Amino acid sequence: KQTSGNSASEAKTIKIGIDLELSGGVAAFGSSALDGAKLAVKEINAKGGVLGKQLELAIADNASKAEESTRAIQKLISDDKVVAVIGAATSGNTLAASTVAMEKKIPLITPSGTATKVTVDERTGKVKDYIFRTCFIDPFQGTVMGNFAAKDLKAKTAAIYIDSSSDYSKGLAKSFEEQFTKNGGQIVTKESYQQKDTDFKAVLTRIKDKNPDVIYVPGYYEEVGKIIKQGREMGITVPFLGGDGWDAPQMFEIAGNEALNNTFFSNHYSSEDTSPEVQKFVENFKKEYNKVPDGFAVLGYDSVQLIAEAIKNAGSAEPTKIKDALAQIKNFKTVSGTISYNETHDPIKSAVIIEYKDGKQSFKTKVNP
Amino acid sequence: MLKVENVNVYYGAIHALKDVSIQVNEGEIVTLIGANGAGKTTLLKTLSGLLTPKTGTITFLGKDITGIHAPEIVKSGLIHCPEGRRVFANLSVEENLELGAYLRKDREVKEDMEQIYSRFPRLRERKRQQAGTLSGGEQQMLAIGRALMGRPKLLLLDEPSMGLAPILVQEIFNIIQEINQSGTTVLLVEQNANQALKIANRAYVLETGKIVLSGAANVLRASEDVKKAYLGA
Amino acid sequence: MMRKNKNFIIGVLISLFIYLVIQVLISMGILSDFWISTIILISINIILGVSLNLINGFTGQFSIGHAGFMSIGAYLSAIMTLDFNLPFPLALLVGGIAATMAGFLIGVPSLRLKGDYLAIATLGFGEIIRIIWLNTEYVGGASGLSGIPALTNWTWVFIWMMITILVVNNFVNSTHGRACISIRENEIAAEAMGIHTTKYKVIAFMIGSFFAGIAGGLSAHMFYIINPNSFNFMKSFEILVIVVLGGLGSTSGSIIGAIVLTMIFTLLQDYPEIRMIIYSLLLILMMIFRPKGLMGTREFSFQLKKRGEQYGKHTSA
Amino acid sequence: MANTLLLDVKQVSRSFGGLKAVSDVSIQIYQGELIGLIGPNGAGKTTLFNLLTGVYEPSEGQILFKQESIGGLKPYKITQKGAARTFQNIRLFGNLSVLDNVKIAYHQRSKHSIFASIFRLPSHFKGEQEMTEQGMELLKIFRLDHKKDELAKNLPYGEQRRLEIARALATRPKLLLLDEPAAGMNPQETQELMQLIRWIRKEFDLTILLIEHDMSLVMNVCDRIYVLDQGQLIAQGTPAEIQLNPRVIEAYLGQEV
Amino acid sequence: MEYITQQLINGISVGSIYALIALGYTMVYGIIKLINFAHGDIFMVGAFVGLVSAKMFQVQGFDPIWVFIFSILLSMIVSAILGVIIERIAYKPLRNASRISILITAIGVSFLLENGGIFFIGPQAQGFPEIIPKKQYHLFGSIQLDSNQIMILGVTFLLMVLLQLIVHKTKIGKAMRAVSFDMEAAHLMGINVNTTISATFAIGSALAAAAGVIYGMTYNSFDPLMGIIPGLKAFVAAVLGGIGIIPGAFIGGLFLGIIETTVSSIGYSLWRDGVAFAILILILIFKPSGLFGKNVREKV
Ligand SMILES: Nc1ncnc2c1ncn2[C@@H]1O[C@H](COP(=O)(O)OP(=O)(O)OP(=O)(O)O)[C@@H](O)[C@H]1O
Ligand SMILES: Nc1ncnc2c1ncn2[C@@H]1O[C@H](COP(=O)(O)OP(=O)(O)OP(=O)(O)O)[C@@H](O)[C@H]1O
Ligand SMILES: [Mg+2]
Ligand SMILES: [Mg+2]
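Protein chains in written order, with our numbering: chain A, 17 to 385; chain B, 206 to 438; chain C, 64 to 380; chain D, 299 to 555; chain E, 277 to 576.
Don't read these hints as lab results, they were simulated from the structure.
As the structure is a computational prediction, the values presented were derived from the model and not from experiment.
Glycine included, every Cβ here is placed at the ideal spot set by N, Cα and C.
There could be a bad hint or two in this list.
[To be verified] Between beta-carbon pairs, the in silico distance windows are:
id	chain 1	residue 1	chain 2	residue 2	range
1	B	Gly232	E	Leu441	35 to 45 angstroms
2	D	Ser421	A	Lys142	54 to 64 angstroms
3	C	Glu336	A	Leu67	22 to 32 angstroms
4	C	Ala213	E	Pro409	53 to 63 angstroms
5	A	Gln202	E	Phe562	41 to 51 angstroms
6	C	Ile222	A	Arg139	20 to 30 angstroms
[To be verified] Only pairs whose alpha carbons sit at most 27 angstroms apart, straight line, appear in this in silico DSS-like list of lysine-lysine:
id	chain 1	residue 1	chain 2	residue 2
7	C	Lys177	E	Lys563
8	D	Lys424	C	Lys69
9	C	Lys177	D	Lys451
10	C	Lys355	E	Lys309
11	D	Lys375	C	Lys177
12	E	Lys410	A	Lys373
13	B	Lys332	E	Lys447
14	D	Lys318	B	Lys332
15	B	Lys280	E	Lys445
16	B	Lys310	E	Lys445
17	B	Lys332	E	Lys570
18	A	Lys212	E	Lys410
Let the sequences and hints guide you as you build the complete structure.
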C-alpha cells in the first residue's frame with residue numbers, strides 16, 4: 017500500500033504535511049512555525065515551485081498532545097498523501113510522530129525538536145533514517161554557552177535554572193554544566209520551574225542567596241522574560257544566559273529593555289545579522305504578518321526550504337528519494353545558518369551569541385562547531 | 206378581591222389543576238382542603254406566579270395577573286407563605302424579616318418589624334440567630350412574620366400547622382384570626398381541616414385537581430361527605 | 064429475566080457484527096490508518112467514559128482525577144512491555160491492577176469528602192500522580208516514554224471495550240450496583256438501609272480505576288509515546304465531558320458521548336484555526352439543549368417497539 | 299410478651315456546640331411494645347432517633363440494643379443489627395423505581411457476591427429473583443405493587459410515606475423507628491395509617507418507637523409514651539396518664555386537645 | 277532569618293494574587309453554587325482589555341495613575357458585561373439542571389474564551405505595560421519589597437472587606453444570599469432572581485478583570501491561556517479556605533502562596549504543585565469543608 021509517493025509524483029502539486037501545535041498549551045510555538053512555513057511555500061511557489069510543481073501544505077493540528085500528534089501525521093500520510101512532513105514543534109510531539117513516519121517511510125523534519133532521541137533511537141542507538149531536524153541539538157548550544165560563560169565572561173560560579181517540563185531546557189543545561197565545569201567553573205545551584213509559571217521570586221531569592229557569577233536559564237521567552245524581570249527587580253545584577261528559546265521580540269515587552277541589559281543567549285541567527293538572507297527574510301515576514309519573526313518562525317521557514325532543496329536535489333518528490341537527498345544536504349544556506357547534516361541528521365551549523373543591549377539584540381560572536 | 210377562572214396547570218404531562226375557579230373576597234378567611242396531592246400547593250403556587258397556568262385567568266384587585274413574574278405579583282400585595290416554611294436558613298431571623306420587606310420602599314419597615322416581634326416575642330429573643338437552627342414552630346412563626354412584613358393584602362398560607370406541636374397549632378390558628386381581624390384577607394390551605402373550617406368563612410374542597418365542593422365553612426364542616434373524607438370521623 | 068437475556072444476546076450479536084465489519088474493512092485496507100486510529104481512539108474513550116460514569120454517574124461521587132488512574136495504567140504497562148518484555152495482555156493487566164490499587168489508596172481517605180470538595184481532592188491526586196511521573200527520570204520525565212511498541216489493535220480494544228461495558232453493566236444491574244446508585248440518590252437513607260456506603264464507594268472507585276488503567280495501557284501502545292502532560296487535569300475534564308454529555312448514569316450515554324465528541328474533534332481536524340472554537344460552541348449548545356445529556360439516564364434497548372413509551376416515563380412492565 | 303428488654307437507652311446526651319439537644323435521657327423499650335415519643339418542636343426527638351440509628355454519636359451515655367452497645371456504631375451496622383427508621387423529611391431514592399427502593403433495603407441480606415453479579419453466575423440470578431419476589435410481596439402489603447415501576451419521586455405524598463415504611467420493613471428490623479409518619483396527612487389518611495401501623499406490628503412481630511405530633515394517632519395506638527422537652531425527659535406513662543400530666547399540658551398539649 | 281522573611285514576603289505576594297482571583301470565584305460559588313470554570317478566562321479577557329486600554333491611554337499621555345484607574349475600570353466594566361452575557365446565554369437555560377451539567381457548560385465557555393483568544397489575538401505571549409512603575413523598598417538591609425506587592429495585598433484586602441460588606445450588609449447582598457439558599461422562596465419575597473444572579477456575575481467578573489489587569493501589570497505579560505493555571509490555583513485557594521466563604525478565599529490564597537514558596541525556597545520547586553495539592557488534600561481530610569468552612573452536615 018505504499019502508494020502515496022507514486023500518486024503524489026503524478027499530481028500537479030507536491031504536498032507537504034504540517035503536524036504542529038496549533039491549539040492547546042504550546043500553540044504559540046506551532047503557530048509561529050506555521051507562519052514561517054507558509055511564507056516559505058509562498059516564496060517558493062512565486063518563483064515557480066519545485067521541479068515545476070507548486071508546493072502545497074496540508075495542515076493538521078496536534079492540539080499540543082502526543083497522541084494527537086500521532087493521529088495528525090497518520091492523517092497527513094494516509095488521507096492527504098503528503099510526501100514529507102514538517103513537525104512537531106516540541107520534542108515530545110515529534111517523537112510521537114516519528115514512529116509513524118518511520119513506519120510509513122515518509123521523511124519528517126522537526127523545526128524545533130531539539131532532543132537527541134528525536135533522530136536517534138534511544139534504546140538501539142540507531143539513527144532514524146527518515147527523521148531530520150532544522151535546529152541544533154541541545155548539546156551544541158549548551159557547550160557554546162558553557163565556554164562563553166567561563167572564557168568570555170570569566171565566570172567562576174553559575175546557577176542553572178531550567179524549565180523542567182521541557183527536554184530542550186534539560187538538554188541545554190546538561191551540556192552547559194559539563195562544559196562549564198570542564199572549564200573549571202562551579203555550579204552552585206540547580207533549580208527548575210515549569211512552563212506557564214509566572215512567579216519566580218521564591219527560587220530567585222534562593223539563587224541570589226548563592227551568589228553566582230552568571231545564571232543560565234535555557235528556557236522559552238515567555239517564562240525567561242519574567243525571570244529576568246523579576247530577578248532584576250530583586251537586585252540580581254549578574255548576567256543571565258540562555259539559548260535560542262529566548263529569541264522573540266516579546267522579550268523586550270515582557271522583561272523590559274533595562275532588565276535585559278547584560279543578558280546573552282545562543283541562537284541560530286540574529287535578526288540584526290546583516291547577511292542578506294536574514295534581512296530579506298525579516299523584511300518579508302514583517303510584510304506578510306506585520307510582526308517580527310521569532311525563532312520558531314525562522315525554523316519553520318527553513319524546514320520548508322530544506323525539503324524543497326532536497327526535492328530539487330533528488331529530482332523527484334518520492335519520499336524515499338527526499339529522505340536520501342536530505343541526508344546529503346551540504347552547506348545549504350538558510351536563514352538560521354548554513355546547514356550540513358551529520359550522520360545523526362543533526363544540522364551542523366554555526367551558532368551566534370547575542371547580547372540584549374538597550375532594547376536591541378546585538379550580535380556578539382559567531383561560534384563554529 | 207381574587208378571582209380565579211378555569212385555571213389549568215400541568216407538570217409536564219401531569220394535569221395537576223383542572224378548570225379550577227375560586228374567589229376570595231376582601232376581609233375573608235377562605236380555606237382550601239383536600240387530600241394529599243389534590244393540587245392545593247399547586248394552586249397557591251400558580252396564584253403567586255411560581256407556576257404559569259396553561260389556560261384560565263387570575264384577577265387580583267381587578268388586575269389580570271395571569272403569567273406575571275412572581276416579584277411583580279408580590280408587589281401588588283399578594284403574598285405567599287410557602288409549604289414547608291422555606292425560611293432562609295443561612296440568614297438571621299432579622300434578615301429574614303427584612304427580606305420579607307424587600308420590595309417596600311416606605312420608612313415604616315422598622316415599626317412593622319416591632320409589631321411582628323411583639324406578636325411573636327420568641328422571634329425577638331432570637332433575632333440574631335440563624336433561621337436554620339430554629340425549631341420547627343419558631344421557623345413557622347418566622348415564615349408567617351416574614352410574609353406579613355410584605356404588608357399583604359392577601360396572604361396565602363400553605364399548611365402552616367404542619368409538623369407543629371399541638372400547643373403551637375393552636376397558637377398559629379389564633380394568629381391567623383388575629384391577622385385577619387387586623388385587615389388581611391387570608392387564603393388558607395390546611396390538612397388540619399377541622400381547625401381550618403372552624404376559623405374560616407368559606408371553604409373549597411379540591412380533589413385530584415378539581416374543585417368538588419364549596420360553600421360556607423360551617424356548612425361544609427357539618428356535611429357528612431366532608432366529615433368522612435377529610436375529618437376522619 | 065427472559066427479556067434481559069434476549070436483550071443481552073441481541074446486544075452481543077450486534078457488537079460482534081460491528082467488530083467483524085470493521086475488522087474486514089481494516090484487513091481489506093479500505094479504512095485508512097487515520098480512521099483506524101480514530102476508531103481505536105473512540106473505543107478507548109468509551110472505556111474511559113463508561114468507567115468514569117460508574118463513579119460519577121452511578122455512584123454519584125464527583126471525581127475528576129480519572130486521567131491520573133489512566134496514566135498509571137499507561138506508564139506501568141509501557142514499562143512492562145519495554146523493560147520487562149511482558150506479553151501485551153499481561154502488561155495491560157499489570158497497569159490495570161496498579162491503577163486499581165491507586166484507586167483504593169485514593170478512595171479510602173478522600174471518600175470522607177463530598178461534592179466539590181471530593182472533586183478538588185481527586186483532581187489533586189491526579190495532579191500529584193502526574194507530577195510524580197514528571198519527576199521520575201526512569202520514565203523519561205517531561206518528555207515521557209517513547210518507542211512503546213504499537214501493540215494495540217482493533218481486536219484488543221474491542222475486547223476490552225466489551226469487557227468494560229459488560230462488567231459495568233452487570234455490576235450496575237445487580238444489587239451491588241443498586242447499592243451504589245442508592246448512595247447517589249440519598250447517602251443518609253442508603254446507610255440507614257444497611258448499605259456500607261464507604262465500601263461501595265471504594266469498590267466503584269476501584270472498578271473505575273481498573274478500566275481507566277486498561278484504557279491508559281491501550282492508549283500507550285497505540286500512540287507510541289506517553290508523557291505526563293497527556294494526563295493533566297484537562298484530560299480528566301475531557302473524560303468528564305464525555306460522561307456528562309452522554310448522560311450521567313447511562314452507560315449507553317457514555318458510549319454515545321465518546322463517539323460524538325471524538326468524532327466532532329476528529330472531523331474538525333481540517334479546520335485547525337477554528338477547531339476548538341467550534342468544539343466548545345457545540346459543547347455549550349448540546350448542554351443547553353440537552354441538560355441531562357444526550358441519553359439522560361436512559362439506556363439503549365433493543366426492543367424498538369418500546370422506545371416511544373420509555374421516552375416519556377419508566378413505565379415498561 | 300413485654301418482658302425482654304429490646305432497647306435500653308442509658309442516660310444519653312448529645313450536644314451541638316453549646317446546645318444540649320438531648321440531655322440525660324433514659325428509655326426502656328420491651329419486645330413488642332409500641333411506644334410514642336412526643337414533645338415540643340426542637341425538644342430533641344429526632345436527635346434521639348439519630349442517636350439510636352448511628353447518624354450521630356452520643357456525647358455521653360450508652361445505648362443497648364438486644365443487650366449490645368450500639369452507641370456510635372455506623373448507621374449501616376445498626377440497621378444490620380435490626381433497627382430501621384423512616385425520616386421526618388422523606389428520603390426516598392427518588393429517581394429509582396418503587397420496587398428498586400425496596401430491593402435496596404434487602405441488599406444487606408443478599409448473599410451473592412460482586413463477582414457472581416459481574417460474571418452473572420447462577421447465584422446472582424437466584425439472589426436477584428428472591429429479592430424481587432420478596433419486594434413484591436412487601437409492596438402488595440402496602441398496596442404499592444401496581445406502582446412498582448413508577449419512580450419514587452413521582453408518587454403522591456401519602457404513598458411516599460407508605461413506601462418509606464415498606465422500605466424500612468424490608469431491612470427486616472426488630473425495632474422500627476417512625477419519625478412523624480402522619481405529617482402532612484389529613485385526619486382520614488391518618489386513621490388509615492393508624493390501622494396500617496397496628497397491622498404491621500402484629501404481622502412482622504415488631505417493636506415500634508414513634509414520633510408524632512398528631513395526638514389522635516399517638517393516644518390511640520401507643521402503649522406507653524415518653525415526653526421530651528428541651529432535651530430532657532419530662533414525663534412517661536400510658537396515654538391516659540400523659541394526657542392529664544400538667545407539665546405535658548403546659549409544655550406541649552396546650553389547653554384544648 | 278533574612279532569607280526566611282524574604283521568602284515569606286514572596287509567598288504573601290504570590291498568595292495575594294491567588295486570593296484576588298479567588299475572591300470572585302468564591303463569591304459566584306457562594307451564591308449560585310457553580311464552579312465557574314470560566315472565571316480564569318474572564319480574568320484573561322479582563323487582562324486583555326486592560327492591556328489594550330492601557331496602551332491607548334498611555335498614548336493619550338495620561339498620568340500613570342490615571343492610566344491605571346481608567347484601564348482597570350474599563351476592563352472591569354467590559355468583563356462585567358461579558359460575565360452577564362455568558363450567564364444569560366450559557367448558564368441561565370440550565371438553572372434547573374444538575375450542577376455538573378452547568379460545570380460542563382462552564383468548561384465549554386472556558387474553551388471558547390481561550391480559543392477565541394487564540395484566534396483573535398494569537399497564541400503568542402505578549403508584553404503587558406507596567407503602567408505604574410514599581411518602586412523598590414529595602415527593609416533591614418537586604419530584604420526587598422516593591423510597591424506593586426504592597427498594592428496587591430492592599431487591593432485584595434480592601435476588595436475582600438468590600439465584598440464581605442456587599443454580601444452581608446447590603447440589600448442586594450441579602451437578596452444574593454436568599455437566592456443562594458432557596459430561589460423559589462426568594463421569588464416569593466419579590467426578589468428578582470435573574471437580576472440578582474446577573475449582579476453576582478457582574479461583580480464576580482469585574483473582580484476577575486481587576487485581578488487580570490493587576491496580574492498583567494505584575495508579570496508584564498499576556499497570553500490567551502494565561503487564565504488556566506491562575507484559575508486552577510484560585511479554585512484550590514477558594515476550596516482551601518472553604519468555598520463560598522469570602523474571607524476564606526483571602527486566607528486560602530495567602531496560605532497557598534506561602535506553601536508554594538516554602539517548597540520552592542527549600543529547593544523542591546519541581547514538587548511545588550504536588551506538595552501544595554498534598555497539603556490541600558490533607559487539610560480537607562481533617563477539615564472536609566476547608567479551613568473556614570463550617571462542616572454542616574445535612575440535618576436529618
Ligand atoms: N414538580 C412537580 N412535578 C411533577 N408533578 C408534581 C410536581 N409537584 C406536584 N406534582 C404533582 O401534582 C399533584 C398536586 O400536587 P400538590 O403538591 O399541589 O398537592 P397538595 O394538594 O398540595 O398535596 P399535599 O397535601 O401533599 O401538600 C400531585 O399529584 C403531585 O404528585
Ligand atoms: N446537626 C445539628 N446541628 C446543630 N443543632 C442541631 C442539629 N440537629 C439538631 N439540632 C438542634 O437540636 C434541637 C433538637 O432538634 P430535633 O430535630 O431533635 O427536634 P425535634 O424534637 O425532632 O423537633 P420537631 O418536632 O420540630 O421535629 C433543635 O434545637 C435543633 O436546632
Ligand atoms: Mg401541598
Ligand atoms: Mg423532628
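- Is the hinted range of 54 to 64 angstroms satisfied by the C-beta distance from Ser421/D to Lys142/A? holds, 56 angstroms
- Going straight from one Cα to the other, do Lys212/A and Lys410/E come out at no more than 27 angstroms? holds, 23 angstroms
- Item | Satisfaction of hint between Lys373/A and Lys410/E, Cα-Cα up to 27 angstroms | holds, 21 angstroms
- Query: When you check the alpha-carbon spacing of Lys310/B and Lys445/E, does it fall within 27 angstroms?
  - Reply: Roughly 17 angstroms between the alpha carbons, so the hint for Lys310/B and Lys445/E holds.
- Task: Sort out whether Lys69/C lies within 27 angstroms of Lys424/D, counting only the CA atoms.
- Result: holds, 18 angstroms
- Task: Compare the distance between the alpha carbons of Lys355/C and Lys309/E with 27 angstroms, and conclude whether the hinted pair is satisfied.
- Result: The hint holds at about 18 angstroms.
- Message: Quick check on a hinted range of 20 to 30 angstroms for Ile222/C and Arg139/A, using CB atoms only.
- Response: holds, 29 angstroms
- Message: Run the distance test for Lys318/D versus Lys332/B: straight-line Cα separation, threshold 27 angstroms.
- Response: This hinted pair holds, its Cα atoms lying about 20 angstroms apart.
- Query: Within 27 angstroms, alpha carbon to alpha carbon, are Lys375/D and Lys177/C?
  - Reply: OK: Lys375/D and Lys177/C at ~21 angstroms, within 27 angstroms.
- Query: Between Lys177/C and Lys451/D, does the CA-CA distance stay at or below 27 angstroms?
  - Reply: Measuring from Cα to Cα gives roughly 23 angstroms; hence the hint holds.
- Take the C-alpha atoms of Lys280/B and Lys445/E, compute the straight-line distance between them, and say whether it is at most 27 angstroms. holds, 23 angstroms
- Query: Does 53 to 63 angstroms hold as the CB distance between Ala213/C and Pro409/E, or does it fail?
  - Reply: holds, 57 angstroms
Going through the hint list in order, the structure satisfies each hint without exception.
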